[in-house]
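Colleague: Protein chains in written order, with the numbering used here: chain A, 1 to 67; chain B, 1 to 221; chain C, 1 to 244.
Zero decoy hints are in this set.
Computed from the model, here is a short list of chain B residues facing chain C with C-beta under 8 Å:
1) L151
2) S155
3) R156
4) L161
5) L165
6) I171
7) A215
Hint data in this document are derived by calculation from the structure and do not stem from the laboratory. Values in this document were obtained by computation on a predicted structure and should not be read as measured data. From the three backbone atoms N, C-alpha and C, an ideal C-beta is built for every residue, glycine too.
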Amino acid sequence: MQMISDFMAMGGYGGFIWTAYGAVAFVLGGLLIISLRENRATAAEVAALEANSPRRRNKTDKEDDAT
Amino acid sequence: MSALTLILHREIRLALRQISDSAIIVLFFVLAAVLFPFGVGPEPNMLARMAPGVVWVTALLAAMLSFERLFTPDYEDGSLEQLALGPAPLEMVAIAKAAAHWLTTGLPLMIAAPLIAVLYRLPDAGYGALITTMALGTPTISLIGTVGAALTLGSRRGGVLLSLLVIPLIIPVLIFGTAAIDAAISGFAVGQHLMLMGGFLLGALVLTPLATAAALRQALE
Amino acid sequence: MIQQYANPARFNRLATTLMPWFAWPAGILIVAGLYFALFNSPPDYQQGDTVRIMYVHVPAAWMALFVYTSMAISSAVGLIWKHPLAHLSAQAAAPIGACFTFVCLLTGSLWGKPMWGTWWVWDARLTSVLILFFLYLGFMALQNAFDDPRRGERSAAILAIIGFINVPIIKFSVDWWNTLHQPASVVKMSGPAIHSSMLIPLFMMGVGFTLYFGALLLLRMKTLMLARRARGMSMAQLHQQAAE
Numbered sequence: 001m002q003m004i005s006d007f008m009a010m011g012g013y014g015g016f017i018w019t020a021y022g023a024v025a026f027v028l029g030g031l032l033i034i035s036l037r038e039n040r041a042t043a044a045e046v047a048a049l050e051a052n053s054p055r056r057r058n059k060t061d062k063e064d065d066a067t
Numbered sequence: 001m002s003a004l005t006l007i008l009h010r011e012i013r014l015a016l017r018q019i020s021d022s023a024i025i026v027l028f029f030v031l032a033a034v035l036f037p038f039g040v041g042p043e044p045n046m047l048a049r050m051a052p053g054v055v056w057v058t059a060l061l062a063a064m065l066s067f068e069r070l071f072t073p074d075y076e077d078g079s080l081e082q083l084a085l086g087p088a089p090l091e092m093v094a095i096a097k098a099a100a101h102w103l104t105t106g107l108p109l110m111i112a113a114p115l116i117a118v119l120y121r122l123p124d125a126g127y128g129a130l131i132t133t134m135a136l137g138t139p140t141i142s143l144i145g146t147v148g149a150a151l152t153l154g155s156r157r158g159g160v161l162l163s164l165l166v167i168p169l170i171i172p173v174l175i176f177g178t179a180a181i182d183a184a185i186s187g188f189a190v191g192q193h194l195m196l197m198g199g200f201l202l203g204a205l206v207l208t209p210l211a212t213a214a215a216l217r218q219a220l221e
Numbered sequence: 001m002i003q004q005y006a007n008p009a010r011f012n013r014l015a016t017t018l019m020p021w022f023a024w025p026a027g028i029l030i031v032a033g034l035y036f037a038l039f040n041s042p043p044d045y046q047q048g049d050t051v052r053i054m055y056v057h058v059p060a061a062w063m064a065l066f067v068y069t070s071m072a073i074s075s076a077v078g079l080i081w082k083h084p085l086a087h088l089s090a091q092a093a094a095p096i097g098a099c100f101t102f103v104c105l106l107t108g109s110l111w112g113k114p115m116w117g118t119w120w121v122w123d124a125r126l127t128s129v130l131i132l133f134f135l136y137l138g139f140m141a142l143q144n145a146f147d148d149p150r151r152g153e154r155s156a157a158i159l160a161i162i163g164f165i166n167v168p169i170i171k172f173s174v175d176w177w178n179t180l181h182q183p184a185s186v187v188k189m190s191g192p193a194i195h196s197s198m199l200i201p202l203f204m205m206g207v208g209f210t211l212y213f214g215a216l217l218l219l220r221m222k223t224l225m226l227a228r229r230a231r232g233m234s235m236a237q238l239h240q241q242a243a244e
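Pulled out of the complex, with its shape left as it was, chain A reads as follows (with noise of 0.2 Å):
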């Protein structure tokens, strides 16, 4: 139990130490779930879009298939 407050408190400095760490645990996953979920969203729009118009898929899978 004593070490992990001792660990924790950082020799008096664990506030800077822990906020600094977990800023950046929460800027880069932030950015890092922001991203994925922008993904995703994307994704389905482009899926939806092509349900919606069957020639047009037609033609973009032959595109990809000329590739």
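With chain A fixed as given, assemble chains B and C onto it according to the hints.
Modeller: Leaving out everything else, chains B and C in the frame of chain A:
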């Protein structure tokens, strides 16, 4: 060279036709500077201490207001396209625009600056440095602002965006401008600061026309 | 037309294949780096435990510069060779770089408070990184300010190249500023070579952040490409509806 003078003539003629615009900019400069004593109190020593910074910062903000309309009229009525097709390279147009802007905005600001310094009781030793840094700094601002104006040409909320882009780029001018005045007041050598500001001006003179021309070209594409 | 689509399609497949190769090592390195940084590295004999902030602060600063450099290079490639993916990569990188710069400023501030006794000092290093942050924001704002997205990306690309002047200024600001004003309060790494017990976690975090950037860049580029496709498709549908 004759192409440059021709464009310059045109720009200055156009700018002089709207001389009231310049007057408004200078008026804003004075008004913004006059606000500070109300905000921080009229204590003379503090005002004298603040004078270089206030004069420079308010001059920068006033200049920011003047860039938005730099290219827009020409862009909207198609004369920018004509200029691009004309014999003079767009880089030259950029220099002419910046020069006309300086003559109609930078120069008036430079003339008004000592008046504000008087209101702030700037120590006598600072006036020489104030004028010199203004003379070196305002053309740099005109040149950099021209790039910003060209980049934001035709954008939504051009004015605010322009300030957002240009202000970070002119911070060095502000730093060394005020540092030179402070140094002069405290009796230190100002040469180093002035040389750096001259360097900024030369650098801007070489680089910004390229950037402005590139921005204009892609705007006209 | 096929060529235009071919590149993005190929890229999409490549990105999907590459992404795990960036993401997994990034995760492993960052977790391992964190373990060393927090548990298994010595406190500095002068700075005590606050030196642990260095393991996120310094890599974030590296990334702020690295991402901006990559953005400026892709912008130049996009303007000169008109490669369709170049502007996309600059556009995808900007928010990541802005986040790294923000993290760098924030952790620096949290390190400065206990060490220098203040959250912020107006010295050249801090100021120029702050300007870098504004450049990232300006880039993103300019990119989104036009009705025609192509104009936005080209304008922003020119801005990115102009702003690159700031990168060497940040890099050398510590040396230059000392000759002008500031007493040497910011010199962090300049002492004798830092000990390997500190260098290893620092290096792990640096590489981890770089790989994290790589994975996120690919993901964001994929998203942008999808968004572009969605825009094109909804336009096409509108035209079709108008024609019918």
